[in-house]
Amino acid sequence: MLERITGTPRLPEEGCRKGSAGHAWNKRDLLDVLPVSVLEECLNPYQVPSYEAVALTGKGVIECLRAGINATLLSLGREER
Numbered sequence: 001m002l003e004r005i006t007g008t009p010r011l012p013e014e015g016c017r018k019g020s021a022g023h024a025w026n027k028r029d030l031l032d033v034l035p036v037s038v039l040e041e042c043l044n045p046y047q048v049p050s051y052e053a054v055a056l057t058g059k060g061v062i063e064c065l066r067a068g069i070n071a072t073l074l075s076l077g078r079e080e081r
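Numbering (the working numbering), first residue to last: 1 to 81.
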């Protein structure tokens, strides 16, 4: 399954940086998803905050949304300076 993870952005080269909004690990209720530990190891080298989410039950959805909104507001505040 790891072979399917291709085209992962090169974080610093593509404008992402440590302290960015983080990652939402969606569809955690499906049977054939990679474990979060594998996702973290392969896709989160800067160890930014990450959140598991299941839309059908709402688990983690508010936390993901809140993190994204807060990161956006912080980014906008930095741009104004």
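Calculated from the structure, these hints are not laboratory results. This structure is a prediction, so every number in the text was calculated from the model and none was measured. Careful: at least some of the hints might be erroneous.
[What the hints assert, rightly or not] Listed below are the simulated EDC-like cross-link pairs for lysine to aspartate or glutamate, each with C-alpha atoms no more than 20 angstroms apart in a straight line:
(1) Lys59 with Glu40
(2) Lys59 with Glu79
(3) Lys27 with Glu41
(4) Lys27 with Glu40
(5) Lys27 with Glu79
(6) Lys59 with Asp32
[Unchecked claim] Beta-carbon label-pair distances, calculated as ranges:
(7) Val33 with Gly77: 31 to 39 angstroms
(8) Arg66 with Ser37: 21 to 29 angstroms
(9) Glu40 with Arg66: 16 to 24 angstroms
(10) Leu31 with Ser75: 34 to 42 angstroms
(11) Glu79 with Val38: 19 to 27 angstroms
(12) Asp32 with Lys59: 17 to 25 angstroms
(13) Leu43 with Ile69: 15 to 23 angstroms
(14) Asp32 with Leu73: 34 to 42 angstroms
(15) Asp32 with Leu76: 36 to 44 angstroms
Backbone N, C-alpha and C define an ideal beta-carbon position, used for all residues, glycine too.
Here is what the structure says about each hint:
Note on lysine 59 and glutamate 40: the hinted pairing holds, with a Cα-Cα distance of about 19 angstroms set against a maximum of 20 angstroms. This hinted pair does not check out: lysine 59 and glutamate 79 have alpha carbons roughly 32 angstroms apart, beyond 20 angstroms. A threshold of 20 angstroms between alpha carbons decides the hint, and for lysine 27 with glutamate 41 the separation of about 18 angstroms falls inside it, so the pair holds. Restraint check for lysine 27 and glutamate 40: the C-alpha separation of about 15 angstroms stays at or below 20 angstroms, so the hint holds.
Only pairs whose Cα atoms come within 20 angstroms are accepted, and lysine 27 paired with glutamate 79 is rejected, the gap being roughly 33 angstroms. Between lysine 59 and aspartate 32, the direct Cα distance comes to roughly 18 angstroms. Compliance with the 20 angstroms bound is thereby established for this hinted pair. For valine 33 and glycine 77, the Cβ-Cβ distance of about 35 angstroms falls inside the hinted range of 31 to 39 angstroms, so the restraint holds. With their beta carbons about 24 angstroms apart, arginine 66 and serine 37 fall inside the hinted range of 21 to 29 angstroms.
Range check, glutamate 40 to arginine 66: about 20 angstroms between beta-carbon atoms, so the 16 to 24 angstroms window is met. Taken as a hint, the range 34 to 42 angstroms holds for the pair leucine 31 and serine 75, whose Cβ atoms sit roughly 36 angstroms apart. A hinted range of 19 to 27 angstroms is violated for the C-beta pair glutamate 79 and valine 38, which are about 35 angstroms apart. Range check, aspartate 32 to lysine 59: about 18 angstroms between beta-carbon atoms, so the 17 to 25 angstroms window is met.
Our hint of 15 to 23 angstroms for leucine 43 and isoleucine 69 holds, since their Cβ atoms are close to 22 angstroms apart. In this structure the hint that aspartate 32 and leucine 73 lie 34 to 42 angstroms apart at CB holds, the actual value being about 36 angstroms. For the pair aspartate 32 and leucine 76, the supplied restraint of 36 to 44 angstroms holds, since their beta-carbon distance comes to about 38 angstroms.
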